[in-house]
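Quick note, the sequences are listed as chains A and B, same order.
Quick note on our numbering: the first sequence kicks off at 1 and runs consecutively.
Quick note on our numbering: the second sequence kicks off at 1 and runs consecutively.
In case anyone wonders, no lab produced these hints; they're calculated from the structure.
Even glycine gets a Cβ: it sits at the ideal position worked out from N, Cα and C.
Among these hints, one or two may not hold up.
Computed Cβ-Cβ distance ranges for the label pairs, DEER-style [as the list claims (entries may be wrong)]: (1) Q215(A) to D326(B): 58 to 64 angstroms; (2) N336(B) to K60(A): 29 to 35 angstroms; (3) D263(A) to E78(B): 48 to 54 angstroms; (4) H325(B) to S98(A): 20 to 26 angstroms.
In silico SDA-like links for lysine to any residue, alpha-carbon gap of 25 angstroms or less [what the hints assert, rightly or not]: (5) K153(A) to V133(B); (6) K319(A) to D121(B); (7) K96(A) to K10(B); (8) K10(B) to E91(A); (9) K243(B) to W153(B); (10) K422(B) to E131(A); (11) K77(A) to E298(B); (12) K148(B) to E169(A); (13) K293(B) to E84(A); (14) K96(A) to D152(B); (15) K422(B) to R178(A); (16) K10(B) to E131(A); (17) K77(A) to T303(B); (18) K319(A) to N158(B); (19) K96(A) to E370(B); (20) K88(B) to N361(A); (21) K148(B) to N269(A); (22) K10(B) to A231(A); (23) K10(B) to S122(A); (24) K248(B) to E91(A); (25) K422(B) to L170(A); (26) K333(B) to E84(A); (27) K350(A) to K248(B); (28) K293(B) to S271(A); (29) K77(A) to N287(B); (30) K248(B) to R167(A); (31) K319(A) to E76(B); (32) K293(B) to A146(A); (33) K350(A) to L214(B); (34) K96(A) to E352(B); (35) K96(A) to E308(B); (36) K153(A) to M296(B); (37) K350(A) to E176(B).
Residue-level listing of the chains:
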Amino acid sequence: MYTAKCYFYERVSLLRQASAVYMADFKIVEIAPGVRIVSVKTGMFKTGRIIMSMAMPIEKNTAAQALLPFYLRRACKQYPDFTELNGRLNELYGTKLSAGVSKFGELQQMSINMSFIDDRFSLTDESISAECIKLITGLLFEPLTANGSFVEKNIEQEKRLLIERRRSELDDKIVYARTRCEEIMCANEPYGRNVYGTEEEISALTTDDVYNAWQSVLRESIIQFTVVSSADTGEIEAVLKEKFSGVQRSVIEKRAVEIKKADKVKYVNESQPVKQGKLVMGLRAANGAPEENRFKNLIMTDLFGGGPHSKLFMNVREKMSLCYYCRARFLRSNAIMFIESGIETQNEEKARQAIIDQLNNVKNGDFTEDELNASKMSVSDSLQTYNDTPEVLAAWYSMQAADEKLVSLSDACEGVRKVTRQDVIDMSRSIELDTVYMLSGTEGGEA
Amino acid sequence: MNIKEYKNEKLAESYFEIEHPSGLKILVLPKPGYSTTYALFATRYGSIDTHIQAPDGSYYEIPDGTAHFLEHKLFESEEQDAFERFAKTGASANAFTSFDRTAYLFSCSANVKQNLEILMDFVQSPYFTQQTVDKEQGIIGQEIRMYKDSPDWSLMINLLQALYSKSPVFDIAGTEESISKITAETLYDCYRNFYNLNNMVFAVAGNTTVEEVLEVADRMLKPATGKRAQRKLPEGNRGAVKKYVEEKMSVETTQFMLGFRENSGNPEISTLERVASTVILDVIAGNASLCYKELMEEQLINTSFSYEYLDGFGYAVPMFSGESHDPELVSEKIRNYISRLKKDGIDPVDFERSRRKLYGRMVMEYNDVENIADALVISDFRGEGLFDEITVCAGLTLEQVNARLKAMFDEDSYSLSVVSPK
Numbered sequence: 001m002y003t004a005k006c007y008f009y010e011r012v013s014l015l016r017q018a019s020a021v022y023m024a025d026f027k028i029v030e031i032a033p034g035v036r037i038v039s040v041k042t043g044m045f046k047t048g049r050i051i052m053s054m055a056m057p058i059e060k061n062t063a064a065q066a067l068l069p070f071y072l073r074r075a076c077k078q079y080p081d082f083t084e085l086n087g088r089l090n091e092l093y094g095t096k097l098s099a100g101v102s103k104f105g106e107l108q109q110m111s112i113n114m115s116f117i118d119d120r121f122s123l124t125d126e127s128i129s130a131e132c133i134k135l136i137t138g139l140l141f142e143p144l145t146a147n148g149s150f151v152e153k154n155i156e157q158e159k160r161l162l163i164e165r166r167r168s169e170l171d172d173k174i175v176y177a178r179t180r181c182e183e184i185m186c187a188n189e190p191y192g193r194n195v196y197g198t199e200e201e202i203s204a205l206t207t208d209d210v211y212n213a214w215q216s217v218l219r220e221s222i223i224q225f226t227v228v229s230s231a232d233t234g235e236i237e238a239v240l241k242e243k244f245s246g247v248q249r250s251v252i253e254k255r256a257v258e259i260k261k262a263d264k265v266k267y268v269n270e271s272q273p274v275k276q277g278k279l280v281m282g283l284r285a286a287n288g289a290p291e292e293n294r295f296k297n298l299i300m301t302d303l304f305g306g307g308p309h310s311k312l313f314m315n316v317r318e319k320m321s322l323c324y325y326c327r328a329r330f331l332r333s334n335a336i337m338f339i340e341s342g343i344e345t346q347n348e349e350k351a352r353q354a355i356i357d358q359l360n361n362v363k364n365g366d367f368t369e370d371e372l373n374a375s376k377m378s379v380s381d382s383l384q385t386y387n388d389t390p391e392v393l394a395a396w397y398s399m400q401a402a403d404e405k406l407v408s409l410s411d412a413c414e415g416v417r418k419v420t421r422q423d424v425i426d427m428s429r430s431i432e433l434d435t436v437y438m439l440s441g442t443e444g445g446e447a
Numbered sequence: 001m002n003i004k005e006y007k008n009e010k011l012a013e014s015y016f017e018i019e020h021p022s023g024l025k026i027l028v029l030p031k032p033g034y035s036t037t038y039a040l041f042a043t044r045y046g047s048i049d050t051h052i053q054a055p056d057g058s059y060y061e062i063p064d065g066t067a068h069f070l071e072h073k074l075f076e077s078e079e080q081d082a083f084e085r086f087a088k089t090g091a092s093a094n095a096f097t098s099f100d101r102t103a104y105l106f107s108c109s110a111n112v113k114q115n116l117e118i119l120m121d122f123v124q125s126p127y128f129t130q131q132t133v134d135k136e137q138g139i140i141g142q143e144i145r146m147y148k149d150s151p152d153w154s155l156m157i158n159l160l161q162a163l164y165s166k167s168p169v170f171d172i173a174g175t176e177e178s179i180s181k182i183t184a185e186t187l188y189d190c191y192r193n194f195y196n197l198n199n200m201v202f203a204v205a206g207n208t209t210v211e212e213v214l215e216v217a218d219r220m221l222k223p224a225t226g227k228r229a230q231r232k233l234p235e236g237n238r239g240a241v242k243k244y245v246e247e248k249m250s251v252e253t254t255q256f257m258l259g260f261r262e263n264s265g266n267p268e269i270s271t272l273e274r275v276a277s278t279v280i281l282d283v284i285a286g287n288a289s290l291c292y293k294e295l296m297e298e299q300l301i302n303t304s305f306s307y308e309y310l311d312g313f314g315y316a317v318p319m320f321s322g323e324s325h326d327p328e329l330v331s332e333k334i335r336n337y338i339s340r341l342k343k344d345g346i347d348p349v350d351f352e353r354s355r356r357k358l359y360g361r362m363v364m365e366y367n368d369v370e371n372i373a374d375a376l377v378i379s380d381f382r383g384e385g386l387f388d389e390i391t392v393c394a395g396l397t398l399e400q401v402n403a404r405l406k407a408m409f410d411e412d413s414y415s416l417s418v419v420s421p422k
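With these hints in hand, go ahead and build the complete structure from the sequences.
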């Protein structure tokens, strides 16, 4: 059963996003100003999941904040060497520990994630969950320090690893083209920043930069511990209350993201020696993305460019054979839509036109009741299945870490159910093309 | 009808195995509390199956990439294609082709019976015409090109080809040249040979019951008309491996994959061998190992470094992969480390840590209905039960692992595959 990876060709290459909604009850416990635990108690899973997330504005200290979770995950006072820390995780039945950084609107969210097997499955008497809570809180509060700063040797290693991670991600041309389109479209907005900062910024980091970022994060960031587990959260509450009692908190103020209107269409074409071209189109919703339009935009985007029942898949891919993948996604935080596709470079014009034609069809209400229902059913069906994976369930909550009000699955399904034909038309009509980015393949044609 | 239940008390899971009168084996693992139902209809037919056995026992060749091509075409019918039918129920449908199997699947949280019905129906209803076959070459050509731009995929395929030469065939989609030879007749031939119910398995996990699945199966399944397809063994006389292969691609980072061809006599390895191999790979190259620490501190690898044990009918390859500015040095260091370990044996503490890690990771897999259904299929195709691996892992000993270590790495049959910047 244990297979690390699978090698196969999939029929439908969809953008798998960790967007999920949850139906059952959750509990919120405030620990300190801007620090909360969001927990879901369930005995359904074999594992527990904890996500520790810290959000800060993205425009300043981007690189130091990007490096921080990786430095914290590497070692701590109790396990000063990564080999010892990883050995301990293995003893705890292969507990998974990872660090990450992502962006939501104008925030950069750092995270450390942990998955561990439930105490029921231990082959010994040790309580795995209690050990894991100690471990993860230790990573945040007792990092490895020397002379009032972080340890230089480790910072240097993590700088190298972050630069290599950044390069490696951009070797995937799908990610590369997406990132370029974001940079070009949002050049003058915080969202246009690379989530890791630039290579130069990372190289220039000092131990003090990252140490100071850690101090700021403890004092100012919006912190959420998302816990999905069979156990009560009493233990983690007690640990966190004690730790945060020593911290003078002054939480960052969250600004509303400024919604820009689409201007004159920006067009950038770059070439690389690849076989398949990548076309990414960035669009803006002129009426913004207020909370009440959340589910309307979700359905509009799905009907236009979601699964195999969508306009883009059925027409641009299946009928016209213009691309292998072609899909749309909507960023609620910035009211931006991206349409990504993999095409033959010489078909750029045709593909662009075909995509715009499909969008116009939606705007003109040229879609059937069946198509609308297919989208509503597909979205609400997916929302419910998210309930069955602890990682996805926890991710749903941690993605809302900076939102004051949490949205539940019943709300989401209800919201989806209410979307009407006119809603879809109205939402689509406010969408205007802003940027087109084309990565041309110079080795296309004869493959 | 013969229905057997298999239980694992420690895991608190059980599943049912049904020999359906149609000839199809059906496996069901209900997950109380889950909203998702995940179903897979799979056949023992992948890219490695490049021959069909004629009634006289001889084999004739089919074009590379046919399994994958057939998978694409099976979604179509004279009326509505399968995606359109699933669109009406809200299920997410998909399919995939791997080295040794093809599977059609859906995931849903409502209308389970209707979805089971569509899945069973469309997989049993081939409809191929020369016109639709010709049209598909465009889409598959795009897909082949997309994979050719993927460094991960090239790295892997190049390694396996360096180790195994032309057979087995790992390049799942074939080439634009090979798929141009596929006709509607080829597809019907392959369908008859590989898609008869005796050669297939149906697995369902999640929100379902045996009764529900059987109610639909009894209505929908037509009695099998053929027998289990006999796989052709890859060429017996394997030559030397190519020790080094490199491809230049449009990347900034150099990637490598080091693999060892196992030269055991059997086409497939045992459960014990597979589990022991994974533990050994973790002892050698897991992120708590000394080898990992050394390579990391010398800045020869980064966190992308990983290991994997890949096995199937006619192939078994322990492998190490990652990014490095000096893949040959990494390869040399890993190979030296393996030689030393073979001489000294595995440290009991290292063994226990890696065994526990693997055990925990196996437990974790049972959270996910997709993993479970896939594992039901894979274990059945291997002639094993779903719980065999975790049972073996829970009882694994140091002696077993040390014995396995001796047979696992043939120091002459390794190959290093590299993808480097243009």
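So, going through the hints one by one against the coordinates:
In this structure, Q215(A) and D326(B) break the distance hint of 58 to 64 angstroms, their C-beta atoms being roughly 38 angstroms apart. For the hinted restraint 29 to 35 angstroms between N336(B) and K60(A), the CB-CB distance of approximately 47 angstroms leaves it violated. Our hint of 48 to 54 angstroms for D263(A) and E78(B) holds, since their Cβ atoms are close to 49 angstroms apart. Remark: the range hint 20 to 26 angstroms for H325(B) to S98(A) is upheld by a beta-carbon distance near 24 angstroms.
A hinted pair counts as satisfied when its Cα atoms are at most 25 angstroms apart, and K153(A) with V133(B) does not qualify at roughly 59 angstroms. Proximity of K319(A) to D121(B) is assessed by CA-CA distance (about 24 angstroms); at most 25 angstroms being required, the pair is judged to hold. Using a Cα cut-off of 25 angstroms, the hinted pair K96(A) and K10(B) holds, with the two alpha carbons roughly 21 angstroms apart. For the hint pairing K10(B) with E91(A), the CA-to-CA distance comes to about 19 angstroms; that is within 25 angstroms, so the pair holds.
At most 25 angstroms may separate the alpha-carbon atoms for a hinted pair to count; K243(B) and W153(B) meet this at roughly 19 angstroms. Distance hint between K422(B) and E131(A) is unfulfilled; the C-alpha atoms sit about 48 angstroms from each other, more than 25 angstroms. With a C-alpha separation of about 23 angstroms, the suggested pairing of K77(A) with E298(B) holds against the 25 angstroms cut-off. Annotation: proposed proximity of K148(B) to E169(A) holds, straight-line Cα distance about 17 angstroms (limit 25 angstroms).
For the proposed pair K293(B) and E84(A), the alpha carbon gap of about 10 angstroms is at most 25 angstroms, so the pair holds. Of the pairs offered as hints, the one joining K96(A) and D152(B) holds, with about 23 angstroms between alpha carbons and a cut-off of 25 angstroms not exceeded. Distance hint between K422(B) and R178(A) is fulfilled; the C-alpha atoms sit about 22 angstroms from each other, no more than 25 angstroms. Taking the CA atoms of K10(B) and E131(A), the gap is near 22 angstroms; set against the 25 angstroms cutoff, the hint holds.
Taken as a hint, the K77(A) and T303(B) pair is honoured in the structure, with Cα atoms around 22 angstroms apart against an allowance of 25 angstroms. Taking the CA atoms of K319(A) and N158(B), the gap is about 34 angstroms. The hint is violated against a cut of 25 angstroms. In summary, the hint linking K96(A) to E370(B) is supported, as the alpha carbons are separated by about 20 angstroms, within the 25 angstroms threshold. For the hint linking K88(B) to N361(A), the alpha-carbon distance of about 21 angstroms falls within 25 angstroms, and the restraint holds.
A C-alpha spacing of about 22 angstroms is found between K148(B) and N269(A), which places the hinted pair at or below 25 angstroms, so the restraint holds. The straight-line distance between the Cα atoms of K10(B) and A231(A) is roughly 19 angstroms, inside the 25 angstroms bound, and the hint therefore holds. Only pairs whose Cα atoms come within 25 angstroms are accepted, and K10(B) paired with S122(A) is accepted, the gap being roughly 10 angstroms. The straight-line distance between the Cα atoms of K248(B) and E91(A) is roughly 41 angstroms, outside the 25 angstroms bound, and the hint therefore fails.
In summary, the hint linking K422(B) to L170(A) is supported, as the alpha carbons are separated by about 15 angstroms, within the 25 angstroms threshold. Restraint check: the Cα-Cα separation between K333(B) and E84(A) comes to about 22 angstroms, which is no more than 25 angstroms; the hinted pair holds. Distance check on the hinted pair: K350(A) and K248(B) sit about 31 angstroms apart at the alpha-carbon level, beyond 25 angstroms; violated. Note on K293(B) and S271(A): the hinted pairing is violated, with a Cα-Cα distance of about 39 angstroms set against a maximum of 25 angstroms.
For the given pair, K77(A) sits about 19 angstroms from N287(B) by alpha-carbon distance, which is consistent with the 25 angstroms threshold. Our distance criterion of 25 angstroms between C-alpha atoms is met by K248(B) and R167(A), whose separation comes to about 17 angstroms. Between the alpha carbons of K319(A) and E76(B) the distance comes to roughly 13 angstroms, so the proposed pair stays at or under 25 angstroms and holds. The straight-line distance between the Cα atoms of K293(B) and A146(A) is roughly 21 angstroms, inside the 25 angstroms bound, and the hint therefore holds.
Distance check on the hinted pair: K350(A) and L214(B) sit about 48 angstroms apart at the alpha-carbon level, beyond 25 angstroms; violated. Restraint check: the Cα-Cα separation between K96(A) and E352(B) comes to about 17 angstroms, which is no more than 25 angstroms; the hinted pair holds. The hinted pair formed by K96(A) and E308(B) meets the criterion: a straight-line CA distance of about 17 angstroms does not exceed 25 angstroms. Between K153(A) and M296(B) the CA atoms are separated by roughly 12 angstroms; this keeps the pair inside 25 angstroms, and the hint holds.
A distance of roughly 23 angstroms separates the Cα atoms of K350(A) and E176(B); the hinted pair therefore holds under the 25 angstroms criterion.
Comparing the model with each numbered hint stated earlier shows that hints 1, 2, 5, 10, 18, 24, 27, 28, 33 do not hold.
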